[in-house]
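Visitor: Heads up: the protein sequence lines correspond to chains A and B, in order. Quick note: the first sequence, position 64, residue 72 per my numbering, numbers continuous. Quick note: the second sequence, position 100, residue 101 per my numbering, numbers continuous.
These are calculated hints, taken from the structure and not from any lab test. Ideal Cβ placement from N, Cα and C applies to all residues, glycine included. Among the hints, a few may not be true.
To be verified - DSBU-like cross-link-like pairs, simulated, lysine-lysine; straight-line CA separation at most 35 Å:
1. B/Lys-248 with B/Lys-218
2. B/Lys-38 with A/Lys-18
3. B/Lys-390 with B/Lys-429
4. A/Lys-18 with B/Lys-98
5. B/Lys-473 with A/Lys-95
6. A/Lys-95 with B/Lys-390
To be verified - With the Cβ distance kept under 8 Å, some of the chain B side facing chain A (calculated, not the full set):
7. Tyr-79
8. Arg-81
9. Lys-98
10. Leu-99
11. Leu-317
12. Asp-318
13. Ile-424
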Amino acid sequence: MKLLTGNDLKTGFVTWWTGADWSIHIEDAADVGENGDAILAVEEAARRVNAPYIIAGEMTPDGPRPAHIKDRIRALGPTVRPDLTLKPADPTAGDWVI
Amino acid sequence: MYKYDEYDQAMVEARVAEFSDQVRRRLAGEITEDQFKPLRLMNGLYLQLHAYMLRVAVPYGTLDSRQMRMLAHIARTYDRDYGHFTTRQNIQYNWIKLEDAPAILADLASVEMHAIQTSGNCIRNISSDQWAGAAADEITDPRPWAELLRQWSSFHPEFSYLPRKFKIAVIAADEDRAAMRLHDIGIQIVEKDGQHGAAFYVGGGMGRTPMIAPLIKDFVPLDDLLSYTEACLRVYNRYGRRDNIYKARIKILIHELGADEYRRQVEEEFAHVKTLGIDPPRAEFDRIAAQFAPPPLDASAPDAVDRSDPDFAVWLDQNVAAHKVPGHAIINISLKPVGGIPGDASSAQIDLMADLAETYSHDELRVTHAQNIVLPHVRKADLYAIWQKLDEAGLATPNLDLISDIIACPGLDYCSLANARSIPVAQKIATRFADLGRQKELGELKLKISGCINACGHHHAGHIGILGVDRKGTENYQLLLGGSGAEDVSLGTITGPGFDEDGIVDAIERVTDKYLSERTEGERFVDTFRRVGMAPFKEAIYG
Numbered sequence: 009m010k011l012l013t014g015n016d017l018k019t020g021f022v023t024w025w026t027g028a029d030w031s032i033h034i035e036d037a038a039d040v041g042e043n044g045d046a047i048l049a050v051e052e053a054a055r056r057v058n059a060p061y062i063i064a065g066e067m068t069p070d071g072p073r074p075a076h077i078k079d080r081i082r083a084l085g086p087t088v089r090p091d092l093t094l095k096p097a098d099p100t101a102g103d104w105v106i
Numbered sequence: 002m003y004k005y006d007e008y009d010q011a012m013v014e015a016r017v018a019e020f021s022d023q024v025r026r027r028l029a030g031e032i033t034e035d036q037f038k039p040l041r042l043m044n045g046l047y048l049q050l051h052a053y054m055l056r057v058a059v060p061y062g063t064l065d066s067r068q069m070r071m072l073a074h075i076a077r078t079y080d081r082d083y084g085h086f087t088t089r090q091n092i093q094y095n096w097i098k099l100e101d102a103p104a105i106l107a108d109l110a111s112v113e114m115h116a117i118q119t120s121g122n123c124i125r126n127i128s129s130d131q132w133a134g135a136a137a138d139e140i141t142d143p144r145p146w147a148e149l150l151r152q153w154s155s156f157h158p159e160f161s162y163l164p165r166k167f168k169i170a171v172i173a174a175d176e177d178r179a180a181m182r183l184h185d186i187g188i189q190i191v192e193k194d195g196q197h198g199a200a201f202y203v204g205g206g207m208g209r210t211p212m213i214a215p216l217i218k219d220f221v222p223l224d225d226l227l228s229y230t231e232a233c234l235r236v237y238n239r240y241g242r243r244d245n246i247y248k249a250r251i252k253i254l255i256h257e258l259g260a261d262e263y264r265r266q267v268e269e270e271f272a273h274v275k276t277l278g279i280d281p282p283r284a285e286f287d288r289i290a291a292q293f294a295p296p297p298l299d300a301s302a303p304d305a306v307d308r309s310d311p312d313f314a315v316w317l318d319q320n321v322a323a324h325k326v327p328g329h330a331i332i333n334i335s336l337k338p339v340g341g342i343p344g345d346a347s348s349a350q351i352d353l354m355a356d357l358a359e360t361y362s363h364d365e366l367r368v369t370h371a372q373n374i375v376l377p378h379v380r381k382a383d384l385y386a387i388w389q390k391l392d393e394a395g396l397a398t399p400n401l402d403l404i405s406d407i408i409a410c411p412g413l414d415y416c417s418l419a420n421a422r423s424i425p426v427a428q429k430i431a432t433r434f435a436d437l438g439r440q441k442e443l444g445e446l447k448l449k450i451s452g453c454i455n456a457c458g459h460h461h462a463g464h465i466g467i468l469g470v471d472r473k474g475t476e477n478y479q480l481l482l483g484g485s486g487a488e489d490v491s492l493g494t495i496t497g498p499g500f501d502e503d504g505i506v507d508a509i510e511r512v513t514d515k516y517l518s519e520r521t522e523g524e525r526f527v528d529t530f531r532r533v534g535m536a537p538f539k540e541a542i543y544g
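Generate coordinates for the entire structure from the input sequences, incorporating the hints supplied.
Guide: Listed below in structure tokens is the structure:
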């Protein structure tokens, strides 16, 4: 699958294209198929996302998972500060990254 | 320390106003990211993995308690309650919102700080010896010269768009605590025939093509310091490779030209630059230097220290250095607790260090390129009280220059350029060698980790260096041995095939075990490596 990601313009937070909007949760990400470039152009022009790009991923039982570790770290947060990730209460969340 | 005059303050405030308007225009959609990116980078604002990252300049690593408290305030108010001290003696915040950036820069300007020239192809923050003004072995305080260079290089119209970024270090002691020869220009204030002058080393650096700067001129009269620096920059600006980012640093130019030809061109340029009158009158330098006057230290203060608390005594021996004035000492606060993140400090810790500086260290602190903090002017009689407060705050780890005093870049946990994580490796190594007795048995051992070839973690200069790479989508770690960023400068050599995250920790243990079996009396790790060479270590690592 292909995922569209970028950063929120105001906050800089990592965001994922859900098919209709942007979410900070990778679980909400949609497969953009071959439409990534077109969505990217429209969304960037509308300032709904900053520095967007398309990445490879796979659908897993837990939801979409980026193929590269860099994007998995972007999706969750720093592996060395679980308290600053999107799942601070889940001590095993980092396993998903590695 | 240097205080802004009206011109300094006006320049910084004008920049805050300018950038505030640029942010407003970006948020309003009046400019695109492509247009905005170079503007935000000129103000130290990057877009990193999780958010915007702001890098704040700490000139030559020196700051006062008011400025340190502002750094804590920014961490608490705009970030996630911590900051990361860097190998360029700066501080970075990892969770900045674009809409907050103007307020942060205004807060910084209110305490004579900014984030200008912490990015971009310009002259970056001038770095220096973290013990400047206090070190027993310096011939003078190098910071007035660093400040002169800071003023000269700030907004320098000719050098705002260099072929590539440019880093300068200034020291004034034979012991190099600033990795001076691994800078684009390394300046050492030296003495010759009773006069002080500057030795210029040009063309050093780390990154993908590490080089040790050759000596270009052994003695430049200090009245010519700016002219000679300008000549060095002009030759680079004229001939530096703008066509290839990987060959654009001055080290490549000097390597290709040869040091002799580069020197000849600099001398020719210097003869011209000297006619332009850019060197300030001595009175202006004296005005700057007066602001670095030594604090009023009482040389008759008690020299004896009560060592009856064994934990205090361990810290005293490891983290406290000799001061040039009797009865005083230099405290090195380790930001490397076992299992912690090298260089990180919470806002409460930053505030505490500011309080200690104000109460005990004549209001001065230093950031070190090894990502620690220094209280430079402390009475020995106050050491125990300070240690108790540091210990309560988790800031009394007695590991300066030991294997757990690791330099590590933010790596793939934060940095968009990184290929591998640095911090978890540092944590695992520090944990493996957590026993202080074991660390002290190993002695001085500088371990440095970078998460990519850009070498922000100075891996080339580590007695043991680690470089994280991406091998087919998996983190892999190369091991280097024999580097040094000190006066015995050298570049590390890769041992062989790399390791995974746990494998690199095991490999380092095999290396240190080999060192213990090979060393002779008084030899540091790097001395043993230089004497016996790579072969025995390689055999220990790979069998």
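Visitor: Now tell me if each hint is right for this structure.
Guide: Verification of the hints:
1. Taken as a hint, the B/Lys-248 and B/Lys-218 pair is honoured in the structure, with Cα atoms around 24 Å apart against an allowance of 35 Å.
2. Distance restraint check for B/Lys-38 and A/Lys-18: the Cα-Cα separation of roughly 14 Å lies within the 35 Å cut-off, and the hinted pair is therefore satisfied.
3. Of the supplied pair hints, the one linking B/Lys-390 and B/Lys-429 holds, its CA atoms being roughly 27 Å apart against a limit of 35 Å.
4. Restraint check for A/Lys-18 and B/Lys-98: the C-alpha separation of about 6 Å stays at or below 35 Å, so the hint holds.
5. Straight-line distance between C-alpha atoms of B/Lys-473 and A/Lys-95 comes to about 28 Å, which keeps the hinted pair within the 35 Å bound.
6. This hinted pair checks out: A/Lys-95 and B/Lys-390 have alpha carbons roughly 34 Å apart, not beyond 35 Å.
7. Because the beta carbon of B/Tyr-79 sits about 11 Å from the nearest beta carbon in chain A, more than 8 Å, this interface hint is broken.
8. Because the smallest distance between the Cβ of B/Arg-81 and any Cβ of chain A comes to about 6 Å, under 8 Å, the interface hint for this residue holds.
9. Proximity of B/Lys-98 to chain A holds as hinted, the smallest CB-CB distance being about 5 Å (cut-off 8 Å).
10. Given hint, B/Leu-99 at the interface with chain A, holds; its Cβ is 6 Å from that chain's nearest Cβ, closer than 8 Å.
11. Hint on B/Leu-317 is violated. Least Cβ distance to chain A is approximately 31 Å, over the 8 Å limit.
12. With its C-beta approaching chain A no nearer than about 30 Å, B/Asp-318 sits outside the 8 Å limit, and its interface hint is violated.
13. Nearest Cβ of chain A to the Cβ of B/Ile-424: about 5 Å, under the 8 Å cut. The hint holds.
In this structure, the earlier hints numbered 7, 11 and 12 are contradicted, and the remaining ones agree with it.
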